[in-house]
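What follows is the residue order along each chain.
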Amino acid sequence: MTRIKRDSIAYLAIIGFCILMLTWGIPTYTPDYPGYGASPALVANVSVGIMMFMAGLSLLNIAVAVYMSKPMPVEESEFPEDMEEDAGFTQVGRVKLKHLASTMIPCILLVVAIEYIPYVFVSFIFLITFQYVIGSRNWIQLIVVSVILTAVLYIVMRYGFGVPIPGPQIF
Amino acid sequence: MEMIIAGLLDSLSPASLMFVFLGVAIGVLIGAIPGINGPMAIALFIPVTYYMSALTAIGFLVGLNKGAFFGGAVSAVLLRTPGTPEAAATSWDGYPLTQQGKGEKALRMALYSSVTGDFVSTVVLIAIASPLAAVALFMGPAEIFALISLALTVIAGIGTSSISRGLMAAAFGILVGLIGTEPVTALTRLTFDVYQLGSGLSLIPVAIGLLAFSEILLQLEKFTVKGGGKQTIHESSSNPEDRTLTFKEFFASGKTLIRGSMIGIGVGAMPGLGAPVASFMSYDQAMKRSKNKEEFGKGALEGIGASESANSAVVASSMIPLFVLGIPGNLAVAMLMGAFMIHGMQPGPLMFQENAQLMYGIYGSLLIASLFLLVIGRLGLRFFCKAVNIPAMILYPTVVFTCIMGAYLARSSMFDVGVMLAFGFIGYFMRKFDYSYVAFLIGFILAPEWERALQQVVIISEYDTYMFFQRPVAMGLMALTLFVIFRTCKLNIKSGRKKQVETAAAKAGQHKAD
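So the protein sequences, as listed, match chains G and D. Here the first sequence is numbered in numbering that gives the first Met the number 0, starting from 0 and rising by one per residue. Here the second sequence is numbered in numbering that gives the first Met the number 0, starting from 0 and rising by one per residue.
The hints are simulated quantities; they were obtained by calculation from the structure and are not laboratory data. Heads up, some of the hints might be wrong.
Covered stretches of chain G (in silico footprint by chain D; criterion: 3 or more residues with CB under 8 Å from a CB of chain D, positions within the stretch not fixed) [to be verified]:
| no. | segment |
| --- | --- |
| 1 | 48-59 |
| 2 | 104-113 |
| 3 | 126-132 |
30 Å max Cα-Cα, derived DSBU-like pairs, lysine-lysine [as the list claims (entries may be wrong)]:
| no. | chain 1 | residue 1 | chain 2 | residue 2 |
| --- | --- | --- | --- | --- |
| 4 | D | K497 | G | K4 |
| 5 | G | K97 | D | K221 |
| 6 | D | K489 | G | K4 |
| 7 | D | K297 | G | K95 |
| 8 | G | K4 | D | K290 |
| 9 | D | K247 | D | K290 |
| 10 | D | K247 | G | K4 |
Positions of the beta carbon are idealized from the N, C-alpha and C atoms, including for glycine.
Kindly generate the complete structure, drawing on both the sequences and the hints.
Written as structure tokens, this is what we have:
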């Protein structure tokens, strides 16, 4: 997929989101106009309007360029490889869904599991899994890092800040 | 005068001194690790400051930010991998010196230049913020509304190649910032029947997700796809002259340091430009004005001085718009603004009236942080050099777990951890698709203030749509906002056309060759 195609799909998705917000999200989940000041929906409508206008404008720009057969800059007509220089703010490039899923799933499972399994166990298992997923195969290091991190965060939360430890308590 | 003395004494309390010291030390350590920068460090450590007093918390975070700015230079000089974007120019001369075995000399130059820029900038901040804030007090809601509109427009250009995508991101940030209680009716809005959203989204999980978690997702991608591996650091020369920096060598760059500091102060005081711009501008000026132009890029101490003095000067001067107008000029200051709000203060000109003692305490902490930076940098230089090679297998799980627990710490809520993961996911796509997460975050932070100003304008003017035309400053600011949009669009179109012409010419050349 070229970058220009991907951008077009993104703009269409943004326009779709904006239409959904304007027709359902904002009217349903905003309080009624109280009779003074501006309507509670005003700023929300304006910000969604800006998003929709800009996405529409960008899409129009692409459409005009494509239908008038203007030569596209290389970085837009072909999909760019990941930028080498990533010290700045953005790292435009391919979305690697497999990598994203493998990193996100253990984190999501941690959030779900911590409601039922005590913090100490679930954090230890999470850290082992996470390190394994990112490629660590040194089992001693896996266990040592997991134990130390779990213990340090436990001590900091419980004795340092006095906040309740998430999940069922065993200690 | 009593306030000034009381504030300064507060900043000298043992707790305050200890946390400023810790902040600077942790900041240098974190900044030295490639991939972790100041704003990210602030996002990760804001939850910790929940349990501190306002002065201690702000002193700690300011120290963290100052330390991270210098820390970025450590990996830039030793590995040519800038720990922070603003340290990129430092690597141009720092790394060649490391290759010559003079890495320690380069780091000393970076440290002293950083401290110089930072100190000069802090003094300027102290001298001008309070008088400017007194002038800013004459601004009404119409001016504040117009000013925030201008700031959001200027900031929309950061971190993206397209202003339209920047504006979309800022507008999305405003929309997300509106979730929660509406200021006029005090009823909940845009909660989608999720009761946890009733009080709005907390800044901490949103910031940790966007700044830290999404960054780690991207770095892990590179690490797992391309493979990690330790980078080797060149050995230092055994010649003591190559390891130390003499007074003569340092003062030879005196003019460059002062010029760099001034550029940093000027750039930092303008919202939206940021430290990388100051650093590159200062380097460029130093090279143009230097007698030894040919040495630049090959290991000129002056080059390191120019870059470091300018980027460190931005740290304090970027707080000028925050203290004077309540507007964050860059990401690090936006995070600091969040910290102020968490501790019950609304940054802006009124802070000098409502929290005068605290403000002078913060000034004291800023100066002390400069001093600590010098001491910590001088004594811990060799230790920080080792931090650049921390194994990724230990670093990434630590940061990810800290992100998760940091998000939890804010309100002891696993819902916030879910919010953090969601914004990490959104941040990943924003970066990949070139949408400015900086604009999003600043829009998110400024949304309540922007809406409050608008509501005040509407109520005060009794629905008079010509309100802005009766306020010349507000009108001027709105006109400036439109000018910025049109000018940026024009420049974008111009650069797009230039690219098209270049592509067409390249294709024509290829056909000819075929």
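Going through the hints against the structure:
A count of 6 residues in the segment 48-59 of chain G with a Cβ less than 8 Å from any Cβ of chain D is obtained; the coverage claim is therefore met, three being the minimum. Only residues whose beta carbon comes within less than 8 Å of a beta carbon in chain D count, and the segment 104-113 of chain G has 5; three or more means the coverage holds. Interface restraint, the segment 126-132 of chain G with chain D: holds (3 residues with C-beta to C-beta distance below 8 Å; minimum three). At roughly 21 Å between alpha-carbon atoms, D:K497 and G:K4 fall within 30 Å of each other, so this suggested pair holds.
About 13 Å separates the Cα atoms of G:K97 and D:K221, which keeps this hinted pair within 30 Å; it holds. Among the hinted pairs, D:K489 with G:K4 is consistent with the structure: their alpha-carbon atoms are about 24 Å apart, no more than 30 Å. Distance restraint check for D:K297 and G:K95: the Cα-Cα separation of roughly 38 Å exceeds the 30 Å cut-off, and the hinted pair is therefore not satisfied. For the proposed pair G:K4 and D:K290, the alpha carbon gap of about 50 Å is over 30 Å, so the pair is violated.
Distance check on the hinted pair: D:K247 and D:K290 sit about 16 Å apart at the alpha-carbon level, within 30 Å; holds. The straight-line distance between the Cα atoms of D:K247 and G:K4 is roughly 58 Å, outside the 30 Å bound, and the hint therefore fails.
The structure fails to meet hints 7, 8, 10 from the earlier list, while all remaining hints are met.
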